[in-house]
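Full structure from sequences and hints, please.
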Amino acid sequence: MSHESNSLLIPLHVSYIQNLGKNKDDLMYHLTAHLRMNAIYWGLTALCIMGHREALDRDEMIDYVMSCWDEETGGFGAHPDHDAHILSTLSAIQILVTQDAIERLDINRVVKFILSLQQPSGVFAGDSFGEIDTRFTYIAVNALSLLGRLKELNVEKTVNYIVQCRNFDGGFGSRIGAESHAGQVFVCCAALTILDRLDVIDTSMLSWWLAERQLPNGGLNGRPEKLEDVCYSFWVLSSLSMLKKVHYIDSDKLISFILSAQDPEGGGIADRPGDMPDVFHTHFGVAGLSLLGYPGLVDIDPVYCMPAALIEKMGLRKGWQALERRTG
Amino acid sequence: MVGMNCPNLVHGVRRARQSKEALEAKRRKEQSKLRDYLALTDDVLTRVRIYSRYNAFDLTRREQKKRNEWSREALNATTQLLQVNPEFYTVWNYRRRILINGVFPESTPEQIKDLLTDDLSLTMEALKIHPKVYWIWTHRGWCLNNVPSRPGISDDGDPRGWEKELWNQELFVVEKLLDADPRNFHAWSYRRLVLESMPVPKLETSELAYTTRKIESNFSNFSAWHQRSKVLSSLWSQGKLDETKSKEEEFDLVHNAMYTDPKDQSVWIYHRWIIGSGDSRDILEREIAIIQSLLEEEPDSKWCMESLVHYKRLLLRNHASSVVTSTLTQDCIQLLDQLREVDPGRRARYYEIGDSGSGLTLTVTLIQHTSYIWFMSYFKRVLSIDNILNDKWRDKHWWAILLTLAIARLAAAAVQTTNAAAATATVGLRDGSLSGL
Chain A
1 MSHESNSLLI
11 PLHVSYIQNL
21 GKNKDDLMYH
31 LTAHLRMNAI
41 YWGLTALCIM
51 GHREALDRDE
61 MIDYVMSCWD
71 EETGGFGAHP
81 DHDAHILSTL
91 SAIQILVTQD
101 AIERLDINRV
111 VKFILSLQQP
121 SGVFAGDSFG
131 EIDTRFTYIA
141 VNALSLLGRL
151 KELNVEKTVN
161 YIVQCRNFDG
171 GFGSRIGAES
181 HAGQVFVCCA
191 ALTILDRLDV
201 IDTSMLSWWL
211 AERQLPNGGL
221 NGRPEKLEDV
231 CYSFWVLSSL
241 SMLKKVHYID
251 SDKLISFILS
261 AQDPEGGGIA
271 DRPGDMPDVF
281 HTHFGVAGLS
291 LLGYPGLVDI
301 DPVYCMPAAL
311 IEKMGLRKGW
321 QALERRTG
Chain B
329 MVGMNCPNLV
339 HGVRRARQSK
349 EALEAKRRKE
359 QSKLRDYLAL
369 TDDVLTRVRI
379 YSRYNAFDLT
389 RREQKKRNEW
399 SREALNATTQ
409 LLQVNPEFYT
419 VWNYRRRILI
429 NGVFPESTPE
439 QIKDLLTDDL
449 SLTMEALKIH
459 PKVYWIWTHR
469 GWCLNNVPSR
479 PGISDDGDPR
489 GWEKELWNQE
499 LFVVEKLLDA
509 DPRNFHAWSY
519 RRLVLESMPV
529 PKLETSELAY
539 TTRKIESNFS
549 NFSAWHQRSK
559 VLSSLWSQGK
569 LDETKSKEEE
579 FDLVHNAMYT
589 DPKDQSVWIY
599 HRWIIGSGDS
609 RDILEREIAI
619 IQSLLEEEPD
629 SKWCMESLVH
639 YKRLLLRNHA
649 SSVVTSTLTQ
659 DCIQLLDQLR
669 EVDPGRRARY
679 YEIGDSGSGL
689 TLTVTLIQHT
699 SYIWFMSYFK
709 RVLSIDNILN
719 DKWRDKHWWA
729 ILLTLAIARL
739 AAAAVQTTNA
749 AAATATVGLR
759 DGSLSGL
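For the record, the sequence lines run as chains A and B.
First residue of the first sequence? That's 1 in the numbering used here, and the numbers climb one at a time after it.
First residue of the second sequence? That's 329 in the numbering used here, and the numbers climb one at a time after it.
Which chain B residues stay away from chain A? Per the calculated CB distances, all over 10 angstroms, these: (1) E349; (2) A353; (3) S399; (4) N404; (5) R488; (6) W490; (7) L494; (8) L506; (9) T533; (10) I611; (11) H647; (12) S699; (13) N715; (14) A734.
Okay, derived cross-link-like pairs now, BS3-like style, lysine-lysine, Cα gap no bigger than 27 angstroms in a straight line: (15) A/K226 - B/K460; (16) B/K354 - A/K22; (17) B/K504 - B/K558; (18) B/K492 - B/K542; (19) A/K157 - B/K558; (20) A/K22 - B/K361; (21) B/K441 - B/K530; (22) B/K456 - A/K226; (23) B/K568 - B/K530; (24) B/K630 - A/K244; (25) B/K357 - A/K24.
Read the hints as simulated data drawn from the structure, not as lab findings.
Ideal placement from N, C-alpha and C gives every residue a C-beta, glycine not left out.
What follows is the structure, encoded as structure tokens:
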């Protein structure tokens, strides 16, 4: 293990993110157009947490976001000419809020689009084709909250569906009957946190289940008997943070694990040590490190997965707990 | 925020140092692929951009005929593109719009059924390579939901015949995919969708047997244990299975799994669910004994220790009046010490468990015992021959001490009872779940 994996290689990661949009010759870049809006949000947030938000051009970014606006549906697609979907709509809103450009948004129309996706059962669909998932519930709650329109949501119906997704292990799945998965646990915990309904969670059971995601190598997995992955550093950690049990995992070992998944040559963080990096894992690795109190990073709000100071300024901060920021 | 499996970027691909020449060669090779891909994307999205958002009903028949973007040609273009990139969700959307607006209106029910069967093949091929892509599963479900009724039914026919046939087939398809990857949560979710949607529903007891098979082939299959917990809860709540008797069978299954692989967490989590709120002292004590023997064979088993602490605490909470609380408390303290040794990463949680509940119980128990001992010893002194002969037994300060000790003991007993009551009062979020412990 090279000595570089003992610290977060911020300058390398900043240039990694800056270079992402530049390689238009890369087939993979084009094959992932359906994720572009999300990728920009991941890149921007990672930069903010590393203290280098200025590394990407603000105006270019805002123009890109607005070029993905679907006038007919009132939502955003992932890329120009791609259909609107709740996933890219949230990323677009998060980018605009982070860049302090929310005035570019037709808030009424977006709110209408989001609310139109709620199903009779209380869950949200991703688009008019009807795929349902508690991820989309979280997205709706998060987005409406950021836009200051949460009061238009039928909270009882929304919470009622999440409650029905609760499993024998205290966790939550993507829909009623589905298995607990750290990512789904995150979205349900975060939605419930925003709606002030953490009372429906069996905290001792769920925090036990979450604590057991840590493997001997220090990494976290998403479900029993699965492999460790850097992105769970965020899904699991943020859930524990909302339950005020971040101390339930070994933070030193997790920090080492995340750092060892860095690419010390080209920058970026991968899903696990030795793999190729990508912006998704770079973002969640940095976010996890921030929650773990890694020195030199900016605080991240685990509920919204956006800079904590911004969320606090908007009056949206909830009672979560992260580890103390270490010095140097 | 996107998906619960990492996006299909370069997930799981090993980093390899490549020479400049190798990278350049790779880039050149990709160029023609890239050109073709961009051309295909451009072709499809042009059609989408201009036409796909129009509802068929907005156009007159003639206008529809002029526009060929709901055409077979358009459909074929989407087929090509989706085979290269099945994550292109906009193109799946477009494909569905073409079928609904362009192709289906020109087709007989039989032809529609055939078209949907083609799409089932298309998605099947895609799933073999990309078994975890949400969009593919969604499209498959859409196909099944659009299977038409059979027209012109004769006496021995069945208007839902096609639906039945195709939904039954889906169960078979999802079983194959679960054989290949028993933990694929997309496949499990789809399986539940199929079971809900089948015109002729499968018996829940038959699904229970399926989970038994999956578990017996691999005790580590948390997805199967989870499915089992759902099927059983449903059967219990409908009164189709006797819950108490059924739980006994579950204990048998779990004991087998525990002894086969004590390291597998699925089993221990499932066991805790079966124990539930710990209402039955007999069951708790029996299970504690079984786990205790296992711990003797596997002295470092953190799962045994963790479970013993939990179940002993349940005894302390729910059955304090009929157990030896001091022994149980001591056991828990010892086990928590051991847990901090064998599982140091999670020691903060073990400290926390030690502080709450058992700390209080220890204090309370100590007060109860010591106050009793002192009470008895003072009582004997007060009523000793000496004190009676000297009339000292009437001394008020002795009785003050005795009264204080009696109150202390009663108060401790009251706290313990209230604590137990409060703990059980918070239980009941849901059957089998525990809270406040």
